[in-house]
Amino acid sequence: MFPTLQIGPIALQVPGLVLILGLWLGLTLAERRALRAGLHPSSLYNLTFLGLLAGVLGGRLAYVLTYPEAFMADPSGLLSLNPGLLDPAAGAACGLIAVLIFGRRKKLSFWPVLDALTPVFAVLAIATSLAHLSAGTAFGAPTDLPWGIHLSGASRHPSQVYETLLGLLILGVVVLLPGRLRFHSPGVFFFTFLALTAAARLFLEAFRGDSTLIFDRFRLAQIIAWVLLAISLWGLGKLSSPNPARSETQS
Amino acid sequence: MVSPPSRFRLFYTLTLLLGAGWIWVSAASPNSTTSGLIPAPQEGFLAPDFSLQTPSGETFTLSDLRGQPVLINFWASWCPPCRSEMPAMQRVYNDFNEKGFTVLAINVTNSDSLDEAIAFAQLHKLTFPILLDHDGSIDRTYRVRSLPTSFFVDGEGEIREVVVGGPMSEALLRVRVEQLFQEPP
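In the order they appear, the protein sequences are chains V and W.
All the letters of the first sequence, read from the start, carry residue numbers 1 to 251 under the numbering used here.
All the letters of the second sequence, read from the start, carry residue numbers 1001 to 1185 under the numbering used here.
Honestly, the hints are just simulated from the structure, not real lab data.
One thing to keep in mind: the hints can contain errors.
Claimed, not checked - Straight-line alpha carbon distances no greater than 25 Å define the calculated SDA-like cross-link-like pairs of lysine to any residue that follow: (1) 238/V to 1013/W; (2) 106/V to 57/V; (3) 1099/W to 1010/W; (4) 106/V to 31/V; (5) 1099/W to 238/V; (6) 1125/W to 75/V; (7) 238/V to 1018/W; (8) 238/V to 1010/W; (9) 107/V to 92/V; (10) 238/V to 1011/W.
Please read these numbers as outputs of a predicted model, since none were measured by experiment.
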């Protein structure tokens, strides 16, 4: 595991680097999808960076409001680059709100934009697995299988590698699917990605060694993935059912 | 013949039933998730135990500090970010030490000058224990790849966070120490 890359006196955080590279690669793939959907790629870039900026600012503000004494003692902490001083839930909410407001102002259609961004989500899912692999986090349960990796005092399932491989498979589907479908309803790519990702998490969480348990037995991530799978399949069902009111978009 | 909507409903129901079955089958057995009992230098694991001496010869053993939050910080006097974060660590130590918080600042003495390490601690009036890792064995046990590296350990001896690199801001230190005093997440 390589959490840091030492270049002279500078220690670069490998997980952060992998995520930035993932975002860049995902946006590059999304450009083509955006053009097909009649969206200008710059709208996609603006939307993404506005969402990230609002997410970081909102996440930091929420953290400051939760621990005001710490930041009053050290106001320079407001500008700290440490992502550990962000509230992820508040950051996600702020990012989402900013994206919705921007989309509304620019008159961007919700589902085509989400479809165009699907490669970004798919590449980021792979980048997250690789970031976990480099940091040694999100580790697997102990195993006697020959492909187990020695990590944290035991031979363990290489859960991060499983996630990366399934992530690559999902990315392949997400990238190749538009060429296979002659007609599709807006939202179908996003719901397909969501269904596949939820199914992958539901399956692979069983091999994790750090699951959060509920009722001392069931893995929380599997329950959430099961609910997301139900929602995404329901969405796909709605999109594929005959509905003359909904216009079809040529891929 | 089954119509497409009926076929989809069947697929939907079967998939969700299969998923629910997998959740049931793969429910965690007691040893399938870490409960902080295995010693490893990783978040969620028990902090590996050690005994080290200060320059004055006083011995500190990590397991003796069970019950109180501890910050284990690996540092060297030649490392600029290590030097930058030490004053903030001292201020946080001053504020939380009475409640039971301790800092164990492990100097990687095998790759540092002992005299310069002691001079630095005296210059900044560091009052928390400066421990000397003469042979680098604790540095290797904790798999330290960059300096500084910090391990926030809770009262149960479990590593709650690893911060690689620095300097850590005082706000981060204060927040993490406050969290260590709170109930486990």
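- Against the structure, test the hints numbered earlier, and report the numbers of the ones violated in rising order. Hints 3, 5 are the ones this structure does not satisfy, whereas the remaining hints hold.
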